Amino acid sequence: MMNQKVLVIGAVAAGTKTAAKLKRENPNFDITVITKDEYISYAGCGLPYYIGGVIEEKKELVVKTPEDFKLITGIDVLINHEAIDIDKENKKVKVKVLATGEVKDFHYDKLVIATGASPFVPPIEGIDLERVFTLRRVEDALAIREAVESGEIKKAVVVGGGFIGLETAENLFDRNIEVSIVELAPHILPGFDEEIALYAQNYMTEKGVNILTSEKVVSIKGKGKVEKVVTDKREIEADLVIMSVGVKPNVGLAKKLGIEIGTTRAIKVNQHMETNIPDVYAVGDCAETTNLITGKPAWYPMGSTANKMGRVAGINMNDPEEKDSLKGVLGTTVVKLFGLNAAKTGLSERDAKKEGYDVVSVIVPGNDKAHYYPGYRMIITKLIADKNTHKVLGAQVIGEGVVDKPIDIIATAITLGAKVEDLEKLDLAYAPPFSMAMATTIVAANVLLNKLKGKIETISPVQLKDKLDEVVVLDVRDEASNMICSIPGCINIYSEELSMKAEELDKNKETVLVCKIGKNAYLSYLQLKEMGFKNVKVLEGGMAAYPYKTE
Amino acid sequence: MAEINLNCKGLQCPGPIMQVFKTAKEAKSGDVINVKVTDRGFAKDIQAWCKKTGNELLELNEGETEISAKIKVK
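Going down the list, the sequences are from chains A and B.
If you count the first sequence from 1, position 118 lands on 118 in my numbering, and the numbers rise without skipping.
Quick note, my numbering runs 1000 ahead of the 1-based positions in the second sequence.
Chain A with its partners taken away, still in its complex shape:
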């Protein structure tokens, strides 16, 4: 039998992974990878750091050249080769060689679509002006860095407050450029819940980044080069604009082949990475997957998922009976913004409610190391669960400390179907330089269970903000702390003096207890309950996690 021919279209993460894995499974496959780009197997997620100079040279970004790849795997990668059409009947792909314009036919027995995703570019006036960029490919990063290093960029506008936008904003800021971020949604980090996202937003604002939310970019103005960005609220001067309003899956070629497109608008594949057409697989950012919690189709264009998909496809293409599978993902992500780290897994509270879950959540600050071990940092955990089944639905962790460990613990727990009770009893590594004796994840589970069992009633920051006029806010911190920063309209009684002074308060009025992180407020809660207060609640996360107006 002749060696089977495999054609892979796309050569960043998923395409090269599929090819390399298949070759390792069975060296007899005759594999060719084509890409319309010049660079292969590059670190797309590293591009913002190249602009900032954290990554010094281009070669550090490009994991492998086609020559390296050939040498290691024996697979040919043809760059600047664009697949333009597919003849399904005869299993032939028409490929245009971009350098010469020549069109060639590539026959295949098996085909892999790994065409990735492209930045969404809104059709607004001025989008074609010089120094208006998207950031997706190596070429984009090279051009942006060149502009930055020309010394002509004093002010930049980043449109979109997602990961790439925020990371790029940080890197431009570190180059002494005045940076404004314009976000259409009410807060940056659209996948996160409001309190956590606003925490990040406040942090970046304090660093000196100008963040404008609920604001729409209408047009970009300039003569040749960009000069200003016009929004529905103002005009912002800009020598550089980064459009980072999201990406869309590249499915044009798949459509020509008649491949089914899913509800997420990415290519529909089963757990084995097979499309609806025999011998055609799809992997990476162009393909959808399943949300492990809801069981619904989901599209998470992430390098971590792309690599897993590639491995699955490689294994199954060699032996379809092996049926290796990717059951789905949780949408686990993490981002660094200056000194702040933010991570998320599973459903946000907002998404969980949208999916119809009866949601219960808590916000619990803690430390990433023992509080007496020098160098510890605060991290805030938001834990989200189903009120009826107690199953963990999601979490968000933010702070200057280590956040990827707790989020990975929770991601693992959710994958294995954990309930809050399971999380609470996990045996986690402990020594003072690594964790609190009761790790933040465990404490968050403790608080959530207290809430589920009715041992404590809490109010979230967003709920409190909306009813500040209706409740008594009782700050039980010491006088000095209260003086520095407090919730507008609060009463201050130090927790140690509560038993003497609380009798003066109205026991029937809804009272919200506030302290630094929530612990003293909980102790005060028990005290007030004992004293006969009817309607007492603890502000989740205390002042540490309250992202709204203080005085």
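These aren't lab readings, by the way, just hints derived from the structure by calculation.
It cannot be assumed that every hint is accurate.
Said to hold, decoys possible - As a list, the in silico DSSO-like pairs of lysine-lysine whose alpha-carbon atoms are at most 30 Å apart:
hint: 1; chain 1: B; residue 1: 1051; chain 2: A; residue 2: 501
hint: 2; chain 1: B; residue 1: 1044; chain 2: A; residue 2: 519
hint: 3; chain 1: A; residue 1: 104; chain 2: A; residue 2: 91
hint: 4; chain 1: A; residue 1: 419; chain 2: A; residue 2: 405
hint: 5; chain 1: B; residue 1: 1051; chain 2: A; residue 2: 207
hint: 6; chain 1: A; residue 1: 336; chain 2: A; residue 2: 549
hint: 7; chain 1: A; residue 1: 354; chain 2: A; residue 2: 216
hint: 8; chain 1: B; residue 1: 1036; chain 2: A; residue 2: 369
hint: 9; chain 1: A; residue 1: 96; chain 2: A; residue 2: 58
hint: 10; chain 1: A; residue 1: 519; chain 2: B; residue 2: 1025
hint: 11; chain 1: A; residue 1: 369; chain 2: B; residue 2: 1044
hint: 12; chain 1: B; residue 1: 1052; chain 2: A; residue 2: 519
hint: 13; chain 1: A; residue 1: 155; chain 2: B; residue 2: 1044
hint: 14; chain 1: A; residue 1: 255; chain 2: A; residue 2: 88
hint: 15; chain 1: A; residue 1: 537; chain 2: B; residue 2: 1044
hint: 16; chain 1: B; residue 1: 1044; chain 2: A; residue 2: 336
hint: 17; chain 1: A; residue 1: 465; chain 2: A; residue 2: 529
hint: 18; chain 1: A; residue 1: 369; chain 2: B; residue 2: 1009
hint: 19; chain 1: A; residue 1: 465; chain 2: B; residue 2: 1044
hint: 20; chain 1: A; residue 1: 465; chain 2: B; residue 2: 1052
hint: 21; chain 1: A; residue 1: 5; chain 2: A; residue 2: 94
hint: 22; chain 1: A; residue 1: 501; chain 2: A; residue 2: 467
hint: 23; chain 1: A; residue 1: 387; chain 2: A; residue 2: 529
hint: 24; chain 1: A; residue 1: 353; chain 2: A; residue 2: 387
hint: 25; chain 1: B; residue 1: 1052; chain 2: A; residue 2: 501
hint: 26; chain 1: A; residue 1: 353; chain 2: A; residue 2: 268
hint: 27; chain 1: A; residue 1: 255; chain 2: A; residue 2: 104
hint: 28; chain 1: A; residue 1: 323; chain 2: A; residue 2: 308
hint: 29; chain 1: A; residue 1: 549; chain 2: B; residue 2: 1044
hint: 30; chain 1: B; residue 1: 1025; chain 2: A; residue 2: 501
hint: 31; chain 1: A; residue 1: 549; chain 2: A; residue 2: 465
hint: 32; chain 1: A; residue 1: 405; chain 2: B; residue 2: 1044
hint: 33; chain 1: B; residue 1: 1072; chain 2: A; residue 2: 207
hint: 34; chain 1: A; residue 1: 509; chain 2: A; residue 2: 455
hint: 35; chain 1: B; residue 1: 1070; chain 2: B; residue 2: 1051
As the list claims (entries may be wrong) - Here's a subset of chain B near chain A, in silico, CB distances under 10 Å, partners left out:
hint: 36; residue: 1015
hint: 37; residue: 1020
hint: 38; residue: 1049
Nothing here was measured: the structure is a model prediction, and the numbers come from that model.
Cβ atoms here follow ideal geometry from the backbone N, Cα and C, with glycine treated the same way.
Following the hints, put chain B in place on chain A, whose structure we already have.
Showing chain B alone in chain A's frame:
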């Protein structure tokens, strides 16, 4: 004029700011408080507190593992 050394390392809640507040209350005008702290929120807190109370922040060092401040009592 006295120099008062205050070790507030490991203190979180109630935080070191309360110790500084108490110490300043008992100190004489012109006394200097040297405080060492591990709670990260302290840097912001002490600046705000000095501004509001009129005590003078002579020094603030934010190290990787420790924050130290020198405050002249009003």
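Verification of the supplied hints:
no.: 1; hint: B:1051 x A:501; result: holds (29 Å)
no.: 2; hint: B:1044 x A:519; result: holds (21 Å)
no.: 3; hint: A:104 x A:91; result: holds (13 Å)
no.: 4; hint: A:419 x A:405; result: holds (19 Å)
no.: 5; hint: B:1051 x A:207; result: holds (20 Å)
no.: 6; hint: A:336 x A:549; result: holds (25 Å)
no.: 7; hint: A:354 x A:216; result: holds (25 Å)
no.: 8; hint: B:1036 x A:369; result: holds (19 Å)
no.: 9; hint: A:96 x A:58; result: holds (27 Å)
no.: 10; hint: A:519 x B:1025; result: holds (27 Å)
no.: 11; hint: A:369 x B:1044; result: holds (21 Å)
no.: 12; hint: B:1052 x A:519; result: holds (27 Å)
no.: 13; hint: A:155 x B:1044; result: holds (28 Å)
no.: 14; hint: A:255 x A:88; result: holds (11 Å)
no.: 15; hint: A:537 x B:1044; result: holds (28 Å)
no.: 16; hint: B:1044 x A:336; result: holds (21 Å)
no.: 17; hint: A:465 x A:529; result: holds (23 Å)
no.: 18; hint: A:369 x B:1009; result: holds (14 Å)
no.: 19; hint: A:465 x B:1044; result: holds (23 Å)
no.: 20; hint: A:465 x B:1052; result: holds (25 Å)
no.: 21; hint: A:5 x A:94; result: holds (15 Å)
no.: 22; hint: A:501 x A:467; result: holds (24 Å)
no.: 23; hint: A:387 x A:529; result: holds (24 Å)
no.: 24; hint: A:353 x A:387; result: holds (11 Å)
no.: 25; hint: B:1052 x A:501; result: holds (26 Å)
no.: 26; hint: A:353 x A:268; result: holds (26 Å)
no.: 27; hint: A:255 x A:104; result: holds (20 Å)
no.: 28; hint: A:323 x A:308; result: holds (14 Å)
no.: 29; hint: A:549 x B:1044; result: holds (16 Å)
no.: 30; hint: B:1025 x A:501; result: holds (23 Å)
no.: 31; hint: A:549 x A:465; result: holds (9 Å)
no.: 32; hint: A:405 x B:1044; result: holds (27 Å)
no.: 33; hint: B:1072 x A:207; result: holds (28 Å)
no.: 34; hint: A:509 x A:455; result: holds (20 Å)
no.: 35; hint: B:1070 x B:1051; result: holds (14 Å)
no.: 36; hint: 1015; result: holds (6 Å)
no.: 37; hint: 1020; result: holds (7 Å)
no.: 38; hint: 1049; result: holds (5 Å)
Violated hints are absent here; each numbered hint is respected by the structure.
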